[in-house]
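**Student:** Turn these sequences into a full structure, and let the hints steer you where they fit.
This is what each chain is made of:
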Amino acid sequence: MADTRQPPPGAAQGAPPGGEDEDRAGALGPPRWLSLVFLLPALLFLGAYMVYPILFSVYRSLWDAAGTEFVWFDNYVKMFSSPGTFIALRNNAVWLVVAPIVVTVAGLIFAVLTERIKWATAFKLIVFMPMAVSFLASGVIFRLVYEQDPERGLANAVITTVQDTVSPAGAYPDARPREEGDLPAAPGGGYEVPEQVSAGETVAIGLVGVAPEDLPGDAAPAAVPQPGGPDEITGTVWLDFTPGGGGEEGAVDPEERGLPGMEVQLVSDGQVEATAGAEPDGSFVFEDVGSGPYTVQLSERNFTPPYAGVSWLGPTLVTPAIIGAYLWVWAGFAMVLIAAGLAAIPRDALEAARVDGATEWQVFRRVTVPLLSPVLMVVFVTLMIYVLKIFDLVFVIAPGSVQADANVLALEMWRVAFGINDQGLGSALAVFLLLLVIPAMIFQIRRFRREES
Amino acid sequence: MSDDAATTEAPPAAGGGPETGSDGAPRRTVASRLVGALGSGLVQLLLVLIALFWLVPTLGLFVSSLRSPADNASSGWWTALLQPAQLTMDNYAKLLENAVFTGSFLNTILITVPSTLLIVVIAALAAYAFAWLEFPGRDWLFLGVVGLLVVPLQVALVPIAQLYGGLGIYGSIAGVVLFHVGFGLPFAIFLLRNFFAAIPRDLLEAARMDGGKEFTIFRRVILPLGGPAIASLTIFQFLWVWNDLLVALVFADAANQPMTKALQAEMRQFGANIDIISSGAFISMLVPLVVFFAFQRYFVQGVMAGAVK
Chain Y
1 MADTRQPPPG AAQGAPPGGE DEDRAGALGP PRWLSLVFLL PALLFLGAYM VYPILFSVYR
61 SLWDAAGTEF VWFDNYVKMF SSPGTFIALR NNAVWLVVAP IVVTVAGLIF AVLTERIKWA
121 TAFKLIVFMP MAVSFLASGV IFRLVYEQDP ERGLANAVIT TVQDTVSPAG AYPDARPREE
181 GDLPAAPGGG YEVPEQVSAG ETVAIGLVGV APEDLPGDAA PAAVPQPGGP DEITGTVWLD
241 FTPGGGGEEG AVDPEERGLP GMEVQLVSDG QVEATAGAEP DGSFVFEDVG SGPYTVQLSE
301 RNFTPPYAGV SWLGPTLVTP AIIGAYLWVW AGFAMVLIAA GLAAIPRDAL EAARVDGATE
361 WQVFRRVTVP LLSPVLMVVF VTLMIYVLKI FDLVFVIAPG SVQADANVLA LEMWRVAFGI
421 NDQGLGSALA VFLLLLVIPA MIFQIRRFRR EES
Chain V
1 MSDDAATTEA PPAAGGGPET GSDGAPRRTV ASRLVGALGS GLVQLLLVLI ALFWLVPTLG
61 LFVSSLRSPA DNASSGWWTA LLQPAQLTMD NYAKLLENAV FTGSFLNTIL ITVPSTLLIV
121 VIAALAAYAF AWLEFPGRDW LFLGVVGLLV VPLQVALVPI AQLYGGLGIY GSIAGVVLFH
181 VGFGLPFAIF LLRNFFAAIP RDLLEAARMD GGKEFTIFRR VILPLGGPAI ASLTIFQFLW
241 VWNDLLVALV FADAANQPMT KALQAEMRQF GANIDIISSG AFISMLVPLV VFFAFQRYFV
301 QGVMAGAVK
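For the record, the sequence lines run as chains Y and V.
Residue numbers for the first sequence follow this note's numbering, beginning at 1 and rising by one.
Residue numbers for the second sequence follow this note's numbering, beginning at 1 and rising by one.
Because the hints were derived from the structure by calculation, they are not lab data.
From a predicted model like this one, the values you see are computed outputs, not experimental measurements.
There may be inaccurate statements among the hints.
Ranges between beta-carbon positions, derived for each pair [stated by the list, open to error]:
#	chain 1	residue 1	chain 2	residue 2	range
1	V	62	Y	220	37 to 47 Å
2	V	53	Y	166	18 to 28 Å
3	V	53	Y	269	49 to 59 Å
4	Y	158	V	62	12 to 22 Å
5	Y	314	V	166	42 to 52 Å
6	Y	149	V	254	30 to 40 Å
7	Y	215	V	44	43 to 53 Å
8	V	44	Y	369	17 to 27 Å
Glycine included, C-beta positions come from ideal geometry on N, C-alpha and C.
**Tutor:** Okay, here's the thing in structure tokens:
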């Protein structure tokens, strides 16, 4: 079924040449030595670049780093016991379990959904496109996507935009009291004024830590706190810092500005009784307050730092992040193969199920997927083989500092054999990779023989 | 990629008994049509979002390559969509003056073209033998080739590096080319042999009857009929070698490195070299993209034939 080649013009159906009894080497057939002429270049290459290297790698893996001492299976023991290679093995296992499934499922979903739309060809071209470009280019593309700074990396820009809509960042993330003791931390976060206040009193709350250029544009010279009416509590929250020096700490000086929009709360017995926002000059008023006494606090919301985004390429998330890039590259491959399989499903089978009253989901689950299973298997096994050998994407996307955390077998093999020049361990890793693909090799040979017969 | 648009008729969402086309269609049908239309709208929306998810990262690379390093360091590429004045060709101009990069571009061509030609010629000869010549052990030998399809190239890095060291071609373009030929052959033979084998026997017998020599038959009958498969293989191999990083990393020295290796070296200082990396990566993508869009049918066929490689 993966065999979607166009038959040559006029190709007769079902006339495979191999394995027929008829003797073609008869009078008309070419002499046998001629086969060798046709085959020789290929056999030389296959011998030199595949057969010999396999044998040599097995042999070399039994020798030490420099190749001077025969060490039996020490390299294989080292492979499973050294922490570096162990991380590579573990990551490869994660890759193998997650990536083929995710890509196959995505391909299946895309193939099914595009069956119904008019611009299916355009969609398939777009999703398939990454298959044509190098892993290096895809890696560069995703390094940009995963850039940590939300100002620059697309993934974090999207996430922080959503996050900031849900819980907006405070206006003054860096504001703080001049001394630790001036304003103790409030129980619910933020800062509280140590002395309790009652109606008719005023509070002055001076903060520092806000750079003058970070002040809101409407910040006006701070108002000196003025007592309000008998049932009011008033005050000023301002930036207690005179640019260029001077000024008195704890007092509102002429050069100093208010902190507009600062959210001030009146708390009694742990309950927030009233909330006020500071004016451009930093003044605020609580009207109609009860007898009190109250605690005045600056709510935590003022100081919420902006969401810094997800550390995609940090040690914990780097492998899932690279698997995301892998999905981006390979989904088109799975989609196109599965779509070809879908197109080959007889419409009658689907129609019959629908006439029998099956819902679309039942048709998909009970008819489509079973009929597709050979194709899904081929896609899945192919992806497993490529995932085992994954190298470029990890090498390019993982920054140097986390490359050890993102390590995979093929990368470790390269690092060991050509970075630290331990060709014994490097050969052992290569042989191990070869052993891992042997089941796929058997699957492949079986499938081929079945198709031939 | 066949266009299946012909079968876009939305199936009934529920039940879906045969419609009796009488006056006053039953309510259920109207409702189910509504559900169907709504569902189709949702599917369209979902697919648009997915397509954006695939397009936007590439657009990001392209726009980044058109911005100065200072702009890239201070704000996201998407801001350039609102301030097109940021866009500049400076990175590309700088890249074209960078001898390391222009040299690596040339090396990529010097590696890719001979590799592709050699693979296609050698594989076509062998595939013809496997498909149409009789010799002892033919089927077993071909099974061997099928088995070699999945061999990871890591297994050859150490042995061939030692071999090249002995031969004195370690680091050379020839070494990289020959390695690609060796590892490209199993797939190439596999693909062409299956295609050649489907050519009708009568055509070959007739040519042999006319006294054609095998090489003549190969040239006059097999190659023209095998055109589509050879085109698929050529395009697939061309892109495969063009995009390779690992083989170049091991076997090409600094003077002979292709673009992928040259760009990879810049990645160690990703932030500082973003101007070279983004514009260089985009240039390295251009040829594959042009080939892909021009010959997408052949490329897709090549990739699909490579399933379980």
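**Student:** The structure should be examined with respect to each hint, and the outcome stated for every one.
**Tutor:** Outcome of the hint check:
Checked against the given bound of 37 to 47 Å, the beta carbons of residue 62 (chain V) and residue 220 (chain Y), roughly 46 Å apart, stay inside it. For the pair residue 53 (chain V) and residue 166 (chain Y), the supplied restraint of 18 to 28 Å holds, since their beta-carbon distance comes to about 22 Å. At roughly 51 Å, the beta-carbon separation of residue 53 (chain V) and residue 269 (chain Y) lies within the given 49 to 59 Å, and the hint holds. For residue 158 (chain Y) and residue 62 (chain V), the Cβ-Cβ distance of about 19 Å falls inside the hinted range of 12 to 22 Å, so the restraint holds.
Distance hint for residue 314 (chain Y) and residue 166 (chain V): a CB-CB separation of about 44 Å, consistent with the stated range 42 to 52 Å. Between residue 149 (chain Y) and residue 254 (chain V) the beta carbons are some 32 Å apart, a value that agrees with the proposed interval 30 to 40 Å. About 47 Å separates the C-beta atoms of residue 215 (chain Y) and residue 44 (chain V), a value consistent with the hinted range of 43 to 53 Å. A hinted range of 17 to 27 Å for the beta carbons of residue 44 (chain V) and residue 369 (chain Y) is consistent with their spacing of about 24 Å.
Checked against the numbered hints above, the structure violates none of them.
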